[in-house]
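Enquirer: In full-length UniProt numbering, the protein residues as written are 1 to 130.
One or more hints might be untrue.
Computed spacing ranges between beta-carbons, pair by pair [said to hold, decoys possible]: (1) F101 with N81: 18 to 24 Å; (2) L32 with V64: 27 to 33 Å; (3) S9 with N44: 35 to 41 Å.
If you're looking for bench data, these hints aren't it; they were derived computationally from the structure.
From a predicted model like this one, the values you see are computed outputs, not experimental measurements.
Glycine residues also receive a C-beta, built at the ideal position from the N, C-alpha and C atoms.
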Amino acid sequence: MWIFFRFISGIYLKNFFIIFLSLLGFYCGIDLLLNFNDLPDAANLSLLYVIFLAFSAVTYVLPVSLIFALVLSLVSMIRANEFVSLYALGLSKNLVIIFPFLWALFFCFVYVGLNFTPFAYANDYKRNIL
(Lines of atoms letter the chains of each structure in order from A; the text may use other names.)
(Lines give C-alpha, C1' and ligand atoms only; values in the text may rest on other atoms or scores of the structure.)
Protein backbone atom coordinates (compact mmCIF):
# COMPACT_ATOMS: atom_id res chain seq x y z
CA MET A 1 0.00 0.00 0.00
CA TRP A 2 2.90 2.35 0.79
CA ILE A 3 4.33 2.01 -2.72
CA PHE A 4 0.98 3.02 -4.26
CA PHE A 5 0.80 6.04 -1.98
CA ARG A 6 4.31 7.13 -3.00
CA PHE A 7 3.61 6.60 -6.70
CA ILE A 8 0.29 8.46 -6.83
CA SER A 9 1.54 11.16 -4.46
CA GLY A 10 4.61 11.74 -6.59
CA ILE A 11 2.51 12.32 -9.68
CA TYR A 12 0.04 14.56 -7.83
CA LEU A 13 2.65 16.65 -6.00
CA LYS A 14 4.67 17.20 -9.16
CA ASN A 15 1.61 18.45 -11.00
CA PHE A 16 0.45 20.51 -8.01
CA PHE A 17 3.73 22.38 -7.58
CA ILE A 18 4.09 23.04 -11.31
CA ILE A 19 0.55 24.43 -11.55
CA PHE A 20 0.75 26.32 -8.25
CA LEU A 21 4.04 28.05 -9.01
CA SER A 22 3.07 28.87 -12.59
CA LEU A 23 -0.29 30.37 -11.56
CA LEU A 24 1.42 32.28 -8.76
CA GLY A 25 4.02 33.64 -11.18
CA PHE A 26 1.34 34.56 -13.70
CA TYR A 27 -0.71 36.37 -11.05
CA CYS A 28 2.33 38.27 -9.76
CA GLY A 29 3.48 39.13 -13.28
CA ILE A 30 0.13 40.54 -14.32
CA ASP A 31 -0.19 42.55 -11.11
CA LEU A 32 3.34 43.93 -11.49
CA LEU A 33 2.56 45.00 -15.06
CA LEU A 34 -0.60 46.75 -13.90
CA ASN A 35 1.05 48.53 -10.96
CA PHE A 36 4.49 49.17 -12.47
CA ASN A 37 4.14 52.97 -12.43
CA ASP A 38 2.98 53.00 -8.80
CA LEU A 39 5.87 50.90 -7.46
CA PRO A 40 8.45 52.74 -5.35
CA ASP A 41 11.96 53.26 -6.72
CA ALA A 42 13.64 51.41 -3.85
CA ALA A 43 14.59 47.85 -4.70
CA ASN A 44 13.83 46.51 -1.24
CA LEU A 45 10.28 47.90 -1.33
CA SER A 46 9.73 46.40 -4.78
CA LEU A 47 10.93 43.02 -3.53
CA LEU A 48 8.71 43.26 -0.46
CA TYR A 49 5.79 44.16 -2.71
CA VAL A 50 6.37 41.05 -4.83
CA ILE A 51 6.64 38.82 -1.75
CA PHE A 52 3.47 40.21 -0.17
CA LEU A 53 1.73 39.99 -3.53
CA ALA A 54 2.64 36.31 -3.76
CA PHE A 55 1.40 35.73 -0.21
CA SER A 56 -1.91 37.40 -0.95
CA ALA A 57 -2.23 35.49 -4.25
CA VAL A 58 -2.11 32.15 -2.44
CA THR A 59 -5.73 32.73 -1.41
CA TYR A 60 -6.85 32.67 -5.04
CA VAL A 61 -4.35 30.24 -6.52
CA LEU A 62 -4.33 27.40 -3.97
CA PRO A 63 -7.88 26.04 -4.49
CA VAL A 64 -7.58 26.21 -8.27
CA SER A 65 -4.19 24.48 -8.16
CA LEU A 66 -5.50 21.65 -6.00
CA ILE A 67 -8.35 20.91 -8.41
CA PHE A 68 -6.29 21.29 -11.58
CA ALA A 69 -3.52 19.07 -10.19
CA LEU A 70 -6.03 16.32 -9.42
CA VAL A 71 -7.55 16.51 -12.88
CA LEU A 72 -4.16 16.63 -14.59
CA SER A 73 -2.85 13.72 -12.53
CA LEU A 74 -5.83 11.54 -13.36
CA VAL A 75 -5.71 12.44 -17.05
CA SER A 76 -1.97 11.77 -17.27
CA MET A 77 -2.39 8.42 -15.50
CA ILE A 78 -5.20 7.48 -17.89
CA ARG A 79 -3.13 8.45 -20.95
CA ALA A 80 -0.14 6.41 -19.75
CA ASN A 81 -2.36 3.41 -18.87
CA GLU A 82 -1.19 3.64 -15.26
CA PHE A 83 -4.75 4.10 -14.03
CA VAL A 84 -5.81 0.74 -15.48
CA SER A 85 -2.70 -0.88 -14.03
CA LEU A 86 -3.57 0.38 -10.56
CA TYR A 87 -7.06 -1.08 -10.92
CA ALA A 88 -5.55 -4.38 -12.10
CA LEU A 89 -3.32 -4.47 -9.02
CA GLY A 90 -6.40 -4.34 -6.82
CA LEU A 91 -6.83 -0.68 -5.92
CA SER A 92 -10.38 0.60 -5.84
CA LYS A 93 -11.54 3.90 -7.34
CA ASN A 94 -11.80 5.44 -3.90
CA LEU A 95 -8.31 4.35 -2.90
CA VAL A 96 -6.78 5.91 -6.01
CA ILE A 97 -8.54 9.22 -5.31
CA ILE A 98 -7.94 9.27 -1.53
CA PHE A 99 -4.17 9.85 -1.81
CA PRO A 100 -4.43 13.16 -3.70
CA PHE A 101 -7.36 14.07 -1.47
CA LEU A 102 -5.19 13.61 1.63
CA TRP A 103 -2.53 15.89 0.15
CA ALA A 104 -5.16 18.50 -0.71
CA LEU A 105 -6.51 18.28 2.82
CA PHE A 106 -2.98 18.70 4.19
CA PHE A 107 -2.39 21.82 2.06
CA CYS A 108 -5.75 23.25 3.16
CA PHE A 109 -4.84 22.72 6.82
CA VAL A 110 -1.46 24.36 6.24
CA TYR A 111 -3.20 27.32 4.61
CA VAL A 112 -5.67 27.64 7.49
CA GLY A 113 -2.77 27.41 9.93
CA LEU A 114 -0.90 30.14 8.06
CA ASN A 115 -3.90 32.42 8.45
CA PHE A 116 -3.30 32.39 12.22
CA THR A 117 0.04 34.10 11.60
CA PRO A 118 0.93 37.53 10.14
CA PHE A 119 0.59 35.84 6.74
CA ALA A 120 -3.07 36.89 6.87
CA TYR A 121 -2.09 40.58 6.80
CA ALA A 122 -0.01 40.31 3.61
CA ASN A 123 -2.64 42.14 1.57
CA ASP A 124 -2.60 45.08 4.00
CA TYR A 125 1.21 45.21 3.93
CA LYS A 126 1.10 45.14 0.12
CA ARG A 127 -1.33 48.07 0.02
CA ASN A 128 0.86 50.07 2.42
CA ILE A 129 3.83 49.81 0.05
CA LEU A 130 1.90 51.34 -2.83
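Enquirer: Do the beta carbons of S9 and N44 sit within 35 to 41 Å of each other?
Expert: holds, 38 Å
Enquirer: Kindly confirm whether 18 to 24 Å is satisfied by the beta carbon distance between F101 and N81.
Expert: holds, 23 Å
Enquirer: 27 to 33 Å was suggested as the range; check whether the CB atoms of L32 and V64 agree with it.
Expert: violated, 20 Å
Violated hint for the displayed structure: number 2, the only one.
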